[in-house]
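Number of protein chains: 4
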Amino acid sequence: MAASSVWGNNLRISIFGESHGPAVGVVLDGLPAGEPIDREALLAQMARRAPGRDKSSTPRKEADEPEFLSGVLEGRTTGAPLCILIRNTNTRSADYQNLLQVPRPGHADYPAHVRYRGYNDVRGGGHFSGRLTACLCAAGAVCRQILERRGILIGSHVAAVGPVEDEPFPGPEIPAALLRRLSSAYFPVIGEGVEEKMRAVIEEARMARDSRGGIVECAVTGVPAGLGGPLFGGVESLLSSILYGVPAVKGIEFGAGFGAARLRGSENNDPYYYGEDGAVRTRTNHAGGILGGITTGMPILFRLGVKPTSSISQPQQSVDLLAAQNTRLEVHGRHDPCVVPRAAPVAESAAAVGILELLLQNGALSPLEGLGIQPERREGEAQ
Amino acid sequence: MAASSVWGNNLRISIFGESHGPAVGVVLDGLPAGEPIDREALLAQMARRAPGRDKSSTPRKEADEPEFLSGVLEGRTTGAPLCILIRNTNTRSADYQNLLQVPRPGHADYPAHVRYRGYNDVRGGGHFSGRLTACLCAAGAVCRQILERRGILIGSHVAAVGPVEDEPFPGPEIPAALLRRLSSAYFPVIGEGVEEKMRAVIEEARMARDSRGGIVECAVTGVPAGLGGPLFGGVESLLSSILYGVPAVKGIEFGAGFGAARLRGSENNDPYYYGEDGAVRTRTNHAGGILGGITTGMPILFRLGVKPTSSISQPQQSVDLLAAQNTRLEVHGRHDPCVVPRAAPVAESAAAVGILELLLQNGALSPLEGLGIQPERREGEAQ
Amino acid sequence: MAASSVWGNNLRISIFGESHGPAVGVVLDGLPAGEPIDREALLAQMARRAPGRDKSSTPRKEADEPEFLSGVLEGRTTGAPLCILIRNTNTRSADYQNLLQVPRPGHADYPAHVRYRGYNDVRGGGHFSGRLTACLCAAGAVCRQILERRGILIGSHVAAVGPVEDEPFPGPEIPAALLRRLSSAYFPVIGEGVEEKMRAVIEEARMARDSRGGIVECAVTGVPAGLGGPLFGGVESLLSSILYGVPAVKGIEFGAGFGAARLRGSENNDPYYYGEDGAVRTRTNHAGGILGGITTGMPILFRLGVKPTSSISQPQQSVDLLAAQNTRLEVHGRHDPCVVPRAAPVAESAAAVGILELLLQNGALSPLEGLGIQPERREGEAQ
Amino acid sequence: MAASSVWGNNLRISIFGESHGPAVGVVLDGLPAGEPIDREALLAQMARRAPGRDKSSTPRKEADEPEFLSGVLEGRTTGAPLCILIRNTNTRSADYQNLLQVPRPGHADYPAHVRYRGYNDVRGGGHFSGRLTACLCAAGAVCRQILERRGILIGSHVAAVGPVEDEPFPGPEIPAALLRRLSSAYFPVIGEGVEEKMRAVIEEARMARDSRGGIVECAVTGVPAGLGGPLFGGVESLLSSILYGVPAVKGIEFGAGFGAARLRGSENNDPYYYGEDGAVRTRTNHAGGILGGITTGMPILFRLGVKPTSSISQPQQSVDLLAAQNTRLEVHGRHDPCVVPRAAPVAESAAAVGILELLLQNGALSPLEGLGIQPERREGEAQ
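Residue numbers (this note's numbering), protein chains in the order written: chain X, 6 to 388; chain L, 6 to 388; chain P, 6 to 388; chain U, 6 to 388.
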């Protein structure tokens with residue numbers, strides 16, 4: 006879309022900024038009023054994404070001190086658009102001078118050059134920089150707090166780095182304690198000893214001046230059944246449209262996902278039963294909490310395939326756009342050999358924004374909260 | 006979204022109808038005027054999706070005679086909304102009486118019951134029926150013709166049925182002849198002998214009163230570089246939001262997709278070079294023709310994970326919503342043990358709608374075509 | 006917009022068809038499920054718009070027998086898209102042959118010719134025909150029933166035809182009985198004897214082969230306070246964006262509207278007071294029930310300026326687009342010398358669609374109705 | 006809409022900030038890349054709106070020093086979202102303490118209190134403040150420069166203040182020199198001596214502790230014929246949806262508008278003729294450059310009815326929301342007795358944003374500019 010950095014309908018987020026410009030930021034419009042914002046919790050989520058904490062990420066240190074410019078008064082949302090600004094610091098633009106001429110393989114350099122006819126800001130990736138995910142994290146942290154207050158939890162783990170795989174979620178029901186642990190971890194994994202194996206693979210890639218991809222798996226619990234719709238209004242459409250906004254994501258699957266392609270129907274169908282609380286539940290959750298585009302009340306589960314970081318310092322083949330000839334490229338500067346652990350909080354944040362939009366779209370959470378018109382009910386209808 | 010069956014911005018498609026109602030149909034608004042519509046080509050695409058052609062699909066025969074109610078005059082689009090109506094025939098509603106009470110595992114029955122508070126039309130799946138994909142095929146066939154006239158081709162193959170895999174596309178460049186062959190086939194595969202192996206797996210599932218899933222892989226060639234944008238306006242977001250509208254799809258990946266998670270950056274990055282025609286191309290296409298959300302000019306490649314058909318006639322565990330107790334369910338009626346071959350033309354159709362929207366959004370194809378205001382150009386800018 | 010005949014977000018209506026094509030129709034997506042549809046009441050609203058009832062309108066008789074193609078089962082909405090189809094009959098295309106060449110002044114002929122590059126269907130006005138308002142009436146009739154069930158009433162009167170003015174609404178509060186009388190009238194006026202005077206002016210115009218415009222004033226009662234928002238999400242923006250979809254409307258004003266330009270602030274400000282029912286009300290309603298884009302709980306009031314019918318049989322100056330020279334044009338055929346009385350039910354219908362969207366957008370009417378997540382409330386907050 | 010402060014599709018503007026918060030600002034997404042931004046011209050437009058220049062406006066002085074946070078590099082747009090931030094200074098919040106309790110008649114206080122359940126920022130009007138129009142002016146100034154570069158000019162005049170009326174535009178064609186003069190004036194009027202008469206009326210209102218409304222008339226020249234569409238995609242719908250975002254606007258009319266209600270068809274229809282340049286033109290412009298929702302190539306003309314400033318210092322009747330009883334209110338502080346002259350640049354700005362969106366939606370101005378796919382043309386088609 007021409008207006009590419011805006012997402013949502015009832016809730017709208019609008020992200021702006023370039024890596025080496027004065028600031029990056031995000032505007033959230035459509036938030037319910039009166040929601041307390043816990044600044045510390047927000048900073049904690051942003052810190053999970055921030056680079057420079059250890060050897061698995063880029064040494065660039067970002068201050069990431071968010072400034073609330075609007076939409077918050079005395080610690081609560083006002084209902085007006087909420088703008089969070091993050092000033093850029095510690096930018097070294099000299100590293101990126103020749104990108105206008107020789108595009109980096111795997112980066113947006115070349116298509117962006119065509120798209121913006123050479124006028125885009127290429128310094129540090131410009132508006133395509135991973136830096137912009139700080140805005141998504143800030144927005145997601147706000148939405149996450151609103152959701153948690155209503156019993157909706159979001160957590161994710163690094164399901165794979167290269168060939169090393171984490172253990173899966175323990176069963177169709179996911180304990181709140183596990184999600185809370187994962188959603189506060191810097192390198193969230195379920196299995197013991199997994200982080201160390203993954204870090205070893207990442208370090209090996211760094212030493213080889215190479216990079217590694219992986220998989221992030223995310224769960225959302227507490228979403229009531231009955232949200233979404235068939236065809237294009239399905240939860241998968243909604244969530245994938247925001248999740249593909251996370252840089253480096255090249256695949257998204259829900260529940261059993263591509264694995265369902267190898268299952269038989271008798272294996273993949275999730276049997277229904279009544280839980281002890283009287284709610285309809287399923288004994289497995291291959292559907293990932295979504296059937297016919299509508300939530301089933303089971304946890305929403307999705308996995309993101311994250312490609313290996315495009316920035317590597319090995320020599321690569323490219324083209325010289327000014328000389329119009331083939332050439333070789335060697336990129337120097339600060340690179341993160343594996344963004345997967347940092348992609349986890351970004352994925353959770355995108356999910357938080359997406360789920361809040363889902364609730365608002367479906368009237369499950371009204372900005373008016375309780376002021377609505379009362380309906381008539383038919384005898385014997387659902388719930 | 007509350008309005009779930011409408012998709013697009015500059016081009017809008019609106020799908021309506023229920024499996025056992027009077028008709029299903031689709032409205033396309035925003036089409037350029039003066040585009041010839043080849044009715045035979047449209048019928049051929051719809052026939053690829055229609056059931057009842059052979060043992061691998063349901064025995065129900067649909068007439069699928071589309072009626073153009075508006076938007077076409079003397080064989081060309083008028084620019085006004087184009088409505089295609091398909092009357093329903095051969096419906097046997099008696100088969101579906103108890104679905105209100107006992108939801109089928111893997112189907113939308115239960116979440117739809119909650120969503121619509123018991124008022125939804127459950128006969129034959131109602132608005133959730135695969136029957137609605139006939140509308141998507143019709144819409145896609147219209148868009149495909151407009152795209153082909155501008156050198157954009159779309160084709161797909163059944164990349165997998167259960168454990169049987171087809172050969173991949175032959176290389177980063179995909180021959181037009183191959184796409185044309187695939188996009189007119191009823192069971193499109195690339196490799197020789199693959200169809201027979203896949204049919205054997207499907208027949209085996211049928212005999213076991215079970216079903217099979219698989220993977221559809223689709224390619225779009227001829228899309229110019231420079232379309233799309235970063236963050237939420239990326240081509241992956243756009244396409245996945247319509248592709249997840251295809252029933253039974255639980256995973257979507259672009260290019261190397263989840264496979265990229267196991268590659269190193271040095272393997273996954275696609276090296277640039279100048280082609281003989283002077284265009285910038287890549288030696289591999291792990292990016293699937295999209296970097297930073299923007300087209301690179303290489304073929305757009307994506308894969309859909311299709312779950313096994315939920316309708317199986319084996320006994321299954323479910324719940325009785327009226328008695329509020331667990332129960333067993335045995336479903337009779339006409340079922341398709343594997344929808345993957347029929348999902349291929351539907352995926353191509355969704356892609357055709359998506360790509361036409363992409364062109365219109367980016368002004369690459371203007372409904373005014375040539376009436377636009379002329380821009381100023383800067384010396385030395387791209388192209 | 007390229008996709009011009011679709012409106013709304015949470016509720017979407019999509020209108021299709023051409024005056025002399027096979028049919029016109031409308032799809033409504035996003036309706037709550039379980040709403041009874043009273044077919045007779047719908048036909049009654051459509052009859053108010055239909056031409057050919059008396060000398061003040063065109064002699065062409067339309068059957069206007071709407072067919073429900075989807076979204077309704079056993080007389081109630083299913084929650085799936087609701088499609089209403091109206092077949093065209095009694096079309097005499099021969100009257101319109103030279104419109105391709107010589108555009109009628111005041112009609113869309115010329116700009117549509119440019120817009121659609123000569124491919125648009127000009128017969129009977131094509132997609133620009135007033136015939137399409139039958140679809141809006143049908144859609145509005147469905148929405149109106151949903152609103153009435155929740156205490157929201159809509160009615161309008163012919164406030165002016167040429168120089169003849171009707172009496173205004175009697176005061177800030179508008180009796181339900183008056184709105185019910187107006188919204189079932191074919192020529193709705195408040196004052197006694199006004200209809201006869203207006204008919205005389207219309208008849209005079211007909212005899213002079215000329216036409217007359219006028220003003221429709223509409224009221225909506227029962228909308229709760231607190232819906233809408235500042236800037237672009239205001240109720241005026243929402244309603245005007247659909248009301249300008251009513252052909253021939255060239256002006257829209259809310260409350261005192263342009264008249265407020267001549268008032269002083271001390272006159273125009275509506276004083277607040279507590280009503281006997283304990284609700285906050287205003288002693289005047291110059292705001293038309295909207296302040297800062299948000300409903301005040303007072304009746305929503307708006308007026309539409311309707312231009313005189315463009316089709317007149319007097320000779321007029323025009324151009325011959327093929328010969329590229331000035332020429333004279335004489336239009337024959339069936340013309341309505343004043344569409345204002347028929348515009349009243351169309352305006353009410355557009356308002357009904359708009360207000361239902363407003364309720365859904367704001368979560369005041371949830372498609373889930375009662376399934377939503379419960380909020381926390383702060384001590385002492387509003388209501 | 007829940008997300009109320011975002012507008013547009015292909016071009017999106019997102020406004021944030023509150024009158025007494027740290028800052029107000031606007032994000033524009035979807036701008037074409039490579040457009041030079043003239044900062045001085047932008048400041049000049051913002052200065053026209055700023056208060057405190059003379060006795061006809063509020064004595065509060067705003068610095069209004071806009072900071073470009075993103076989207077501009079070396080003086081040209083990058084194609085990424087452009088964010089303009091304006092810090093708030095000189096705020097005296099003490100004046101507004103009791104607004105939470107006693108809403109001001111004619112203001113958004115009461116409905117906003119209900120809408121946001123008491124959590125909205127009421128200081129200085131919060132997000133409802135006229136201060137937010139500074140953002141619209143900044144956004145409009147950017148768009149206006151892009152339009153001017155393509156021959157599209159926008160200008161407006163104060164058509165009325167209370168009973169004093171300005172002269173109308175001189176004829177159907179509007180000289181560029183006149184528009185340039187008006188669009189740089191602080192109190193734009195066409196007739197000689199009109200400003201003085203209007204200022205006298207405003208001063209009289211100030212002395213009476215009262216306020217005055219009026220009418221702004223705006224013209225846009227150079228928009229090509231063929232943009233827009235029927236029904237809801239008409240230019241009137243598009244423009245009114247953004248123009249009603251200008252505070253205090255209660256009426257919008259195009260061309261003859263409500264005046265057309267008193268004309269006969271033979272008077273109101275605009276006769277076509279071929280101009281000396283070979284273009285189709287009309288001898289009058291009652292249509293305001295729009296027929297059937299589509300531009301005719303004639304100037305787009307519209308008028309805004311602006312209500313008298315709600316803030317007056319006379320005692321007024323209101324309610325005490327905490328005590329739940331009627332009361333009287335006396336407002337002190339800085340008030341502008343007539344915002345009409347300052348509304349003129351805001352109206353022009355909203356029009357500039359709207360017209361740029363119109364061009365982008367219709368592909369008349371492509372962000373790719375020249376990279377698009379070439380169409381086929383039919384012999385003898387329009388232009």
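Just so you know, the hints here were simulated from the structure itself, not pulled from any lab data. Possibly wrong hints are sitting among the right ones.
Because identical chains cannot be distinguished in the list, a pair is counted as satisfied if it fits within a single copy or across any two copies.
Said to hold, decoys possible - In silico SDA-like links for lysine to any residue, alpha-carbon gap of 25 Å or less: (1) Lys202 <-> Ala190; (2) Lys202 <-> Gln106; (3) Lys202 <-> Arg267; (4) Lys202 <-> His340; (5) Lys202 <-> Arg81; (6) Lys202 <-> Glu272; (7) Lys202 <-> Ser271; (8) Lys202 <-> Leu268; (9) Lys202 <-> Pro173; (10) Lys202 <-> Gly80; (11) Lys202 <-> Ala52.
Keep in mind the model is a prediction, meaning the values are calculated, not measured.
Structure-based check of each hint:
When the C-alpha separation of lysine 202 and alanine 190 is checked against a cutoff of 25 Å, the pair qualifies only within one copy, where the shortest distance is 17 Å, while the shortest distance between copies is 47 Å. Taking the shortest Cα distances, lysine 202 and glutamine 106 never come within 25 Å of each other, neither inside one copy (39 Å) nor across copies (50 Å). Taking CA atoms no more than 25 Å apart as the test, lysine 202 paired with arginine 267 passes between copies only; the shortest distance there is 15 Å, against 29 Å inside one copy. Within a single copy, lysine 202 and histidine 340 get their C-alpha atoms as close as 21 Å, which meets the 25 Å cut-off; across copies the closest is 46 Å, which misses it.
Proximity of lysine 202 and arginine 81 under a CA criterion of 25 Å is satisfied in neither setting, with 42 Å inside one chain copy and 48 Å between copies. In the homo-oligomer, the alpha carbons of lysine 202 and glutamate 272 lie at most 25 Å apart only across protomers (21 Å), although the nearest pairing inside one protomer, at 32 Å, exceeds that limit. In this assembly of identical chains, the alpha carbons of lysine 202 and serine 271 lie at most 25 Å apart only when taken from different copies (21 Å versus 36 Å within one copy). Proximity of lysine 202 and leucine 268 under a CA criterion of 25 Å is satisfied inter-copy only: 17 Å between copies versus 30 Å inside one chain copy.
Proximity of lysine 202 and proline 173 under a CA criterion of 25 Å is satisfied intra-copy only: 16 Å inside one chain copy versus 32 Å between copies. In this homomeric assembly, lysine 202 and glycine 80 never come within 25 Å of each other (Cα to Cα): the closest approach is 42 Å inside a single copy and 49 Å across copies. In this homomeric assembly, lysine 202 and alanine 52 come within 25 Å of each other (Cα to Cα) only inside a single copy, at 23 Å, whereas the closest approach across copies is 52 Å.
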